Every structure is written in structure tokens, then in C-alpha cells.
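Protein sequence lines, in the order shown, are assigned to chains L and X.
The end of the first sequence is residue 116 by numbering that gives the first Met the number 0, with every number in the run present.
The end of the second sequence is residue 346 by numbering that gives the first Met the number 0, with every number in the run present.
It is worth saying that the hints were derived from the structure and are not from the lab.
Keep in mind it's a predicted model, so treat the numbers as computed, not measured.
The reader is advised that the hints may include incorrect statements.
To be verified - Label pairs and their in silico Cβ distance ranges: (1) Ser110(L) <-> Lys309(X): 28 to 36 Å; (2) Leu48(L) <-> Asn60(X): 28 to 36 Å; (3) Phe84(L) <-> Lys321(X): 19 to 27 Å; (4) Gly274(X) <-> Arg63(L): 34 to 42 Å; (5) Thr131(X) <-> Glu44(L): 39 to 47 Å; (6) Asn255(X) <-> Ile59(L): 26 to 34 Å; (7) Arg63(L) <-> Gly215(X): 21 to 29 Å; (8) Thr36(L) <-> Thr131(X): 31 to 39 Å; (9) Asp188(X) <-> Leu48(L): 34 to 42 Å; (10) Leu48(L) <-> Asn91(X): 25 to 33 Å; (11) Arg47(L) <-> Asn91(X): 34 to 42 Å.
Claimed, not checked - Listed next, the in silico DSBU-like pairs over lysine-lysine satisfying Cα-Cα at most 35 Å (straight line): (12) Lys55(L) <-> Lys257(X); (13) Lys98(L) <-> Lys189(X); (14) Lys112(X) <-> Lys56(X); (15) Lys330(X) <-> Lys230(X); (16) Lys32(L) <-> Lys346(X); (17) Lys98(L) <-> Lys330(X); (18) Lys98(L) <-> Lys112(X); (19) Lys309(X) <-> Lys98(L); (20) Lys49(X) <-> Lys32(L); (21) Lys98(L) <-> Lys84(X); (22) Lys257(X) <-> Lys300(X); (23) Lys112(X) <-> Lys145(X); (24) Lys212(X) <-> Lys126(X); (25) Lys302(X) <-> Lys185(X).
Said to hold, decoys possible - Covered stretches of chain X (in silico footprint by chain L; criterion: 3 or more residues with CB under 8 Å from a CB of chain L, positions within the stretch not fixed): (26) 40-51; (27) 102-114; (28) 200-207; (29) 230-243.
C-beta atoms are modelled at their ideal positions from N, C-alpha and C, and glycine is treated no differently.
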Amino acid sequence: MLILITSTVAALAMNNNAKNQDEKIARIYQDKKLIYTIDLNSVKETYRLTIDGKDKSENIVEVRNGSIGIINASCPDHICIDTGFIDNSSVPVVCLPNKIIIEISDNTDNSIDAVAN
Amino acid sequence: MVTLSLSLTACNNSNGETSSVYEISLGSDYDDSNEKSLSFFAMDTYMNFKAYGENAKAAVNEASTIVEDLENKLSVTNPESEISKINSSANNAIKVSEDTLTLISTALDVNKKSDGAFDITIYPIVKLWGFTTGKYKVPSREELSKNLEYVDSSKITLDEKASTVTVPKNIEIDLGGIAKGYAGKKAADKIRSMGIESALLNLGGNIQTIGSKPDGSAWGVSICNPEDSSKQLCRIEVVDKAVVTSGGYQRYFEENGKSYHHIIDPKSGYPAENGLVSVTIVDEDGMLCDALSTTLFVLGKDKALEYCEKYGIEAILITDDKKIYVTDELKESFSIIYQSSGYSLAK
Numbered sequence: 000m001l002i003l004i005t006s007t008v009a010a011l012a013m014n015n016n017a018k019n020q021d022e023k024i025a026r027i028y029q030d031k032k033l034i035y036t037i038d039l040n041s042v043k044e045t046y047r048l049t050i051d052g053k054d055k056s057e058n059i060v061e062v063r064n065g066s067i068g069i070i071n072a073s074c075p076d077h078i079c080i081d082t083g084f085i086d087n088s089s090v091p092v093v094c095l096p097n098k099i100i101i102e103i104s105d106n107t108d109n110s111i112d113a114v115a116n
Numbered sequence: 000m001v002t003l004s005l006s007l008t009a010c011n012n013s014n015g016e017t018s019s020v021y022e023i024s025l026g027s028d029y030d031d032s033n034e035k036s037l038s039f040f041a042m043d044t045y046m047n048f049k050a051y052g053e054n055a056k057a058a059v060n061e062a063s064t065i066v067e068d069l070e071n072k073l074s075v076t077n078p079e080s081e082i083s084k085i086n087s088s089a090n091n092a093i094k095v096s097e098d099t100l101t102l103i104s105t106a107l108d109v110n111k112k113s114d115g116a117f118d119i120t121i122y123p124i125v126k127l128w129g130f131t132t133g134k135y136k137v138p139s140r141e142e143l144s145k146n147l148e149y150v151d152s153s154k155i156t157l158d159e160k161a162s163t164v165t166v167p168k169n170i171e172i173d174l175g176g177i178a179k180g181y182a183g184k185k186a187a188d189k190i191r192s193m194g195i196e197s198a199l200l201n202l203g204g205n206i207q208t209i210g211s212k213p214d215g216s217a218w219g220v221s222i223c224n225p226e227d228s229s230k231q232l233c234r235i236e237v238v239d240k241a242v243v244t245s246g247g248y249q250r251y252f253e254e255n256g257k258s259y260h261h262i263i264d265p266k267s268g269y270p271a272e273n274g275l276v277s278v279t280i281v282d283e284d285g286m287l288c289d290a291l292s293t294t295l296f297v298l299g300k301d302k303a304l305e306y307c308e309k310y311g312i313e314a315i316l317i318t319d320d321k322k323i324y325v326t327d328e329l330k331e332s333f334s335i336i337y338q339s340s341g342y343s344l345a346k
């Protein structure tokens, strides 16, 4: 009986832990609007999103399991593409000309609060 | 469990453009310490302000307004800004705000101390390279030498009593190398004055910390691998300090197989090539951090280390042969995160 209770508690605790740690939410903003919220850890197959903006601007976002990045963009500087794929909350992917921000909120790495760049 | 509330504010700059502010409030999972986070675009970059505790929401809002007000005063592309008025003044004294006076006076001081490695009159050269518009090109030697005549901070006359700035025709000031750091400093002062003891401001990669983390521990700030800025190379711990990095990897273009970055040496008019790939300054004063990260990058390793020694500056220098130089006071909290790429601490 005691064993059963203990294992149930353990199972519950594990379940809770798994829920918190498994969450890796990416949010994509265009100008001032949240346009996508994606749990990157639940992505099974890599896929792409096209974000159309003003003056025929375009950004193509690739969503992978655990990471996200911009792979093609109409902006002149391509800083958003050069940032590469992000997999944690320390650095956002930003396309200034097309006003796109991709941020990840996770709760896993407490040792880095900010990236000087 | 995470709830998201999005509130939208649009405000008009004096140049008629609409800038936008959005706010993310993370719900219960994130709310143990009453965190308020605000992300917005200002000064041509992405900013995120986080504050903790009572009053946090009002604090980040007011701090962001301070940054936007400064942008209106200081932007070189806004024709109504104080800087634009100075640039088109043709030798007439222009009355300016305390902010502009402080910035120009600090810039002139760093210019002197660095023997001209930092120069806010570099703007005509930066324009030639296309770093202001994104239409990059390598200027001809003739164009460069002609415009280098207009790079001369000694032509700026500052009258602190009368609060005026005078520059001759063709001299143009751009505070891009110092304004973000100053904005972080002023925003931090505002947040502190509202009783906040823990906040983290990210002004397009310029980091300004207020106090320590809500749990009392120091903030962990990392520095990018210059070869791959999505990876982190090393980490330091700070309390109540600003951390600012300048690197050639941050903005560059390629022409005929050669890479040209955005940190221009005011003496040559070409991107500074002195063996450094990244310079990070850590100091209480974010404005100084901003100016000195550029300055030391231009000076190169040896002169940069001399400068640190002479003026008591704490810095992390990364060289193109993958050595990391760390000044004494930072050594205690310094650690390397990403070692597989062959970077190592210089002796």
C-alpha cells in the first residue's frame, strides 16, 4: 500500500517536472502584434512559415524541434538570417527592417540572464 | 499555465513615424517574483526591459518613455532632433539639452584620452560605407580622403554654461556609438528612483543591470562567440553594472570576397583591423561602456590593455587568434562556456 502511494506521488511529481521543462515557447511578433505562439518541443517535423509584411516584405521562418530561425528575408541587411537558429531565451531573432521579433521563453538555464552583443 | 496578455500602445514620433510598444506579461508560472517585461523598438534596435517587484510595470513603462524621448533628441536621421540642428547649423551656436551636452562632453573626453580612436564626427565616413542605409559599398580612396577632412572632434565647440554646441559647416555629429549606453543609464536611474531593486535592461545587446537578481544572486551575462553569434563563448557575473560589447561580427558586408565591418577607424576611414574581434566593457556607467567598447576595438589589443590599466577600466578582449584577455577584477566571475571552438584564456 505504502509503495503504491509513493510511486503515485513520484509519478505526479515527474509529470509536473516534465510539463515545466518540456515547454519551450517561441513567440513571433510582427510590428506590434503577436502572430504565432509555437511550442518548439512539440514540433515533430521541420516546417516553414512565410510572414508577409508592408511593401512586399517577406520573412521565411523555419521551425524545427527545439529551435527556430529565419532562413530567407527581403530585408537588405540579412542580420535576421545571420543570427541563425535560436534554442533559448538569451537572444531573440530580430528583423528590424521588417519589424519581426522571434523570442523564446524557457525556464531552463538560469545561469545566463542576458547576452551582451 | 502561462498566460499572455498583450497590450498595444502606438505613439507618434515627431518625424511622423509610428513606433510601437508591446508588452508581455507572463502569468503564474513566471510571476513568482512579480516580473514585468516590456519589449519595444527604439534607437534602431530591439529593446527589452524587465523589472521585479512592486511598481515594476510603471517602472519599465516610464523607462521606455525616457529612451524614446532621448531618441527624438539624439537621432541623426530625425530632422527635428538636436543633433540634426547642430549638423545643419553651419557655425551657429545651437542651444541643446543637458542630455546632449553630457553626451558630447563625454565623447570629447574619450576622444582626447584615446588619441582620436573614438570620434563622433566620423558620420560622413560611415555614410560613405552605407552603414546608415544598408546600401553597402567600399568607397574610393579619393572619397575617403576628402571626407576624412571632416572627421575632427577638435572642431566641436562646447559651451557648458550657455548650453550650446557649435560646429563648422561639413562637420557632422552622430552619437550612435554612445547614445544607447546613455539611454540605458538614464533608464536605470529612473527605475532605481522608483524603488526597484532588481531589473535587467537589454538595449539592442547593451546590457544594463539594476541591483542583483530577485533571489539576491548576481546577474549572469554572456558574450557571443564572434564566429557564431548564436553561440555563447564566456560568462561573467555582475551586480548594478552595464555590459557592452562591440564586435566586427555584429554588422558587416562582403565585397569581392573581402569582409568589411562597421567599426571604422577615424584615422584611416577603413574598418579597424587591429587583431581584435570583440571588446566588452563592464562598468557602472553604461554610457562609458558604450563609448569605450568601440574605442578599445579601434585601439587594438596592446593599446586597449594600456587604456584599461591607465583609466581603471574593466574589459574582456577577444583576438583574431582566439585568445581572451580579461582584466583583473573580472577574472573572479569569468568562465568560458563554449570551448570547443578553440578559444582560450590569455595568460
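Verification of the supplied hints:
{"no.": "1", "hint": "Ser110(L) <-> Lys309(X): 28 to 36 Å", "result": "holds (33 Å)"}
{"no.": "2", "hint": "Leu48(L) <-> Asn60(X): 28 to 36 Å", "result": "holds (31 Å)"}
{"no.": "3", "hint": "Phe84(L) <-> Lys321(X): 19 to 27 Å", "result": "holds (23 Å)"}
{"no.": "4", "hint": "Gly274(X) <-> Arg63(L): 34 to 42 Å", "result": "holds (36 Å)"}
{"no.": "5", "hint": "Thr131(X) <-> Glu44(L): 39 to 47 Å", "result": "holds (42 Å)"}
{"no.": "6", "hint": "Asn255(X) <-> Ile59(L): 26 to 34 Å", "result": "holds (28 Å)"}
{"no.": "7", "hint": "Arg63(L) <-> Gly215(X): 21 to 29 Å", "result": "violated (37 Å)"}
{"no.": "8", "hint": "Thr36(L) <-> Thr131(X): 31 to 39 Å", "result": "holds (35 Å)"}
{"no.": "9", "hint": "Asp188(X) <-> Leu48(L): 34 to 42 Å", "result": "holds (41 Å)"}
{"no.": "10", "hint": "Leu48(L) <-> Asn91(X): 25 to 33 Å", "result": "violated (53 Å)"}
{"no.": "11", "hint": "Arg47(L) <-> Asn91(X): 34 to 42 Å", "result": "violated (55 Å)"}
{"no.": "12", "hint": "Lys55(L) <-> Lys257(X)", "result": "holds (31 Å)"}
{"no.": "13", "hint": "Lys98(L) <-> Lys189(X)", "result": "holds (27 Å)"}
{"no.": "14", "hint": "Lys112(X) <-> Lys56(X)", "result": "violated (40 Å)"}
{"no.": "15", "hint": "Lys330(X) <-> Lys230(X)", "result": "holds (21 Å)"}
{"no.": "16", "hint": "Lys32(L) <-> Lys346(X)", "result": "violated (49 Å)"}
{"no.": "17", "hint": "Lys98(L) <-> Lys330(X)", "result": "violated (38 Å)"}
{"no.": "18", "hint": "Lys98(L) <-> Lys112(X)", "result": "violated (38 Å)"}
{"no.": "19", "hint": "Lys309(X) <-> Lys98(L)", "result": "violated (42 Å)"}
{"no.": "20", "hint": "Lys49(X) <-> Lys32(L)", "result": "holds (19 Å)"}
{"no.": "21", "hint": "Lys98(L) <-> Lys84(X)", "result": "holds (28 Å)"}
{"no.": "22", "hint": "Lys257(X) <-> Lys300(X)", "result": "holds (23 Å)"}
{"no.": "23", "hint": "Lys112(X) <-> Lys145(X)", "result": "holds (26 Å)"}
{"no.": "24", "hint": "Lys212(X) <-> Lys126(X)", "result": "violated (41 Å)"}
{"no.": "25", "hint": "Lys302(X) <-> Lys185(X)", "result": "holds (30 Å)"}
{"no.": "26", "hint": "40-51", "result": "holds (count 5)"}
{"no.": "27", "hint": "102-114", "result": "violated (count 0)"}
{"no.": "28", "hint": "200-207", "result": "holds (count 4)"}
{"no.": "29", "hint": "230-243", "result": "holds (count 4)"}
Of the numbered hints stated above, those contradicted by the structure are hints 7, 10, 11, 14, 16, 17, 18, 19, 24, 27, listed in ascending order.
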